[in-house]
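*Asks:* Now for the letters of each chain:
2 protein chains.
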Amino acid sequence: MKSTLSPFYSLNEQPLFQNQPTVLHSLMPHTKIKIYNKDDVVLHHGDVAVRLWLVLKGWVKLTRQTPDGKESIIGLCTEGDVFGEAALFPHANYPYHAQTLAAHTQLAAIPADIIRKLIAENAAFSGVVMELLNERTSQAQLKLEQMSTMSASQRLGCFLLRLCHTQANGSKTLTIPVEKHILAAYLGMKPETLSRSQQQLKPLGLSVTGQDITISNIEKLREFVCNSCSESGSCEAEATG
Amino acid sequence: MKSTLSPFYSLNEQPLFQNQPTVLHSLMPHTKIKIYNKDDVVLHHGDVAVRLWLVLKGWVKLTRQTPDGKESIIGLCTEGDVFGEAALFPHANYPYHAQTLAAHTQLAAIPADIIRKLIAENAAFSGVVMELLNERTSQAQLKLEQMSTMSASQRLGCFLLRLCHTQANGSKTLTIPVEKHILAAYLGMKPETLSRSQQQLKPLGLSVTGQDITISNIEKLREFVCNSCSESGSCEAEATG
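Chains as they are written, first to last, in my numbering: chain P, 1 to 241; chain X, 1001 to 1241.
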């Protein structure tokens, strides 16, 4: 892992700092951009939360382990995502491990005391942070809902539609950014159920070659998935076309 | 549903207002205490969020419906819980239905504009609200984790241990506060799986009579449940004795 006090990459494009030039200006001298290898541990579950993290490039998985040794993946973060929100609160600990899933993963690390000072001083920024926290709850609640309302193949379809949104480039060929057993665990299914789900999506126009997935009829996939989701009509993944 | 501008019940005991006497004083003239019958609808999914709600007594279920007609229960709120956090944000809509589950359910309704004004003016209160939102995320993430790391009977056991915490009165006889099909849906299982789970917990000292459940060996139940949870060691339900 290299650490450098480099100039800003796309930090001003992060939702947290859009329309917050004063905040960004105050953070700049204190924020470090770090570049990680694949499988580097960024933080440990239970560590004192001393930094807030933003993903500039790559993928990070957030996991927890139970005393009897089961691991659960509670988040997969990519470009634009934030983790380590515990740093917003005094005396808090990180409630998960964070580990990179891709080579050259680029993260920005903001010291906890700086961001807490800015929140206390700036009511507008504090409002933005609250929206971020609320969005986090909504995402977790939606995932919970989908565990009971959606089939495994619908959950996979939903993940792919969201990927269309972040990998949008005109074509409908996506690269699955993480290993299959990790994706399966994240979607709450066994690896063999993930393989079966891919097969079940074939009649809807899905074809798989290694890590690449091509979707030939995005409308058909969307209809199959979004009908079983209460966010239908207000979800960013539906706007992909 | 009766509506009254009555004096405060236990609003000052709510976590949101503890150590916030100025905030409570400002809210008092604007907050209404409302008493509901069983099955009253408090708010509709998609309505503009004009009030923040606090449960003073009783139970409220938060549900969402998918376009193809499946309902999911994303929350069961009781004394001390808050719902309708969307009211903290301008132009937001409630992301769920809320309906009472018990007769004489007592709720406090705080107008959105008042609470937003207080948050903008008072950095300390804004910090408390952020902690509330973060706690919401933690709860939802923990429930997600438990869907993959815990068996159905462990999830039921966890719910009962939490109930010991809120119904603590020396004895270990609890009253299940909601109908069984609702509890099953909330715990992400079918009603017949809930019945089977009750049977499976019998050797651990559980006995069921109607809506009443007696736990004869809370330590044994805790060991069975909490070993499969990453919150083990820092969970309020474990402190129940």
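I should point out that these hints are in silico values taken from the structure, not numbers from a laboratory. Backbone N, C-alpha and C define an ideal beta-carbon position, used for all residues, glycine too. Please note that a few of the clues may not be correct.
What the hints assert, rightly or not - Calculated lysine-lysine pairs in the BS3-like style (CA-CA distance at most 25 Å, straight line):
id : chain 1 : residue 1 : chain 2 : residue 2
1  : X       : Lys1190   : P       : Lys220
2  : X       : Lys1172   : P       : Lys70
3  : X       : Lys1032   : X       : Lys1117
4  : X       : Lys1034   : X       : Lys1070
5  : X       : Lys1220   : X       : Lys1070
6  : P       : Lys220    : P       : Lys70
7  : X       : Lys1057   : X       : Lys1172
8  : X       : Lys1057   : P       : Lys70
9  : P       : Lys70     : P       : Lys34
10 : P       : Lys57     : P       : Lys32
11 : P       : Lys190    : X       : Lys1190
12 : P       : Lys190    : X       : Lys1070
13 : X       : Lys1032   : P       : Lys117
14 : P       : Lys117    : P       : Lys32
Said to hold, decoys possible - Chain P stretches covered by chain X per the calculated footprint, using a threshold of three residues with CB under 8 Å from any CB of chain X:
id : region
15 : 17-25
16 : 124-132
17 : 140-147
18 : 196-209
19 : 221-234
*Asks:* Hints first: check each against the structure and report whether it holds.
*Replies:* Results of checking the hints against the structure:
A distance of roughly 30 Å separates the Cα atoms of Lys1190(X) and Lys220(P); the hinted pair therefore is violated under the 25 Å criterion. For the suggested pair Lys1172(X) and Lys70(P), the alpha carbons sit about 30 Å apart, so the restraint of at most 25 Å is broken. A C-alpha spacing of about 18 Å is found between Lys1032(X) and Lys1117(X), which places the hinted pair at or below 25 Å, so the restraint holds. In summary, the hint linking Lys1034(X) to Lys1070(X) is not supported, as the alpha carbons are separated by about 30 Å, beyond the 25 Å threshold.
With a C-alpha separation of about 36 Å, the suggested pairing of Lys1220(X) with Lys1070(X) is violated against the 25 Å cut-off. The hinted pair formed by Lys220(P) and Lys70(P) fails the criterion: a straight-line CA distance of about 36 Å is larger than 25 Å. Between Lys1057(X) and Lys1172(X) the alpha-carbon distance is near 21 Å, which keeps this suggested pair within the 25 Å criterion. The hinted pair formed by Lys1057(X) and Lys70(P) fails the criterion: a straight-line CA distance of about 37 Å is larger than 25 Å.
Between Lys70(P) and Lys34(P) the alpha-carbon distance is near 30 Å, which puts this suggested pair outside the 25 Å criterion. Only pairs whose Cα atoms come within 25 Å are accepted, and Lys57(P) paired with Lys32(P) is accepted, the gap being roughly 14 Å. For the given pair, Lys190(P) sits about 20 Å from Lys1190(X) by alpha-carbon distance, which is consistent with the 25 Å threshold. Our distance criterion of 25 Å between C-alpha atoms is met by Lys190(P) and Lys1070(X), whose separation comes to about 24 Å.
Note on Lys1032(X) and Lys117(P): the hinted pairing is violated, with a Cα-Cα distance of about 35 Å set against a maximum of 25 Å. Distance hint between Lys117(P) and Lys32(P) is fulfilled; the C-alpha atoms sit about 18 Å from each other, no more than 25 Å. For a cut-off of 8 Å, the count of residues in the region 17-25 of chain P with a CB near a CB of chain X stands at 0, and the three-residue condition is violated. Given as covered by chain X, the region 124-132 of chain P passes the check, having 5 residues with a CB less than 8 Å from a CB of that chain where 3 are the minimum.
For a cut-off of 8 Å, the count of residues in the region 140-147 of chain P with a CB near a CB of chain X stands at 6, and the three-residue condition holds. Coverage of the region 196-209 of chain P by chain X is violated in this model, with 0 residues showing a Cβ closer than 8 Å to a Cβ of that chain against a need of three. Proximity of the region 221-234 of chain P to chain X, defined as three or more residues with a beta carbon under 8 Å from a beta carbon of that chain, is established by the 6 residues found.
Hint compliance for this structure: hints 1, 2, 4, 5, 6, 8, 9, 13, 15, 18 are not met, and every other hint is.
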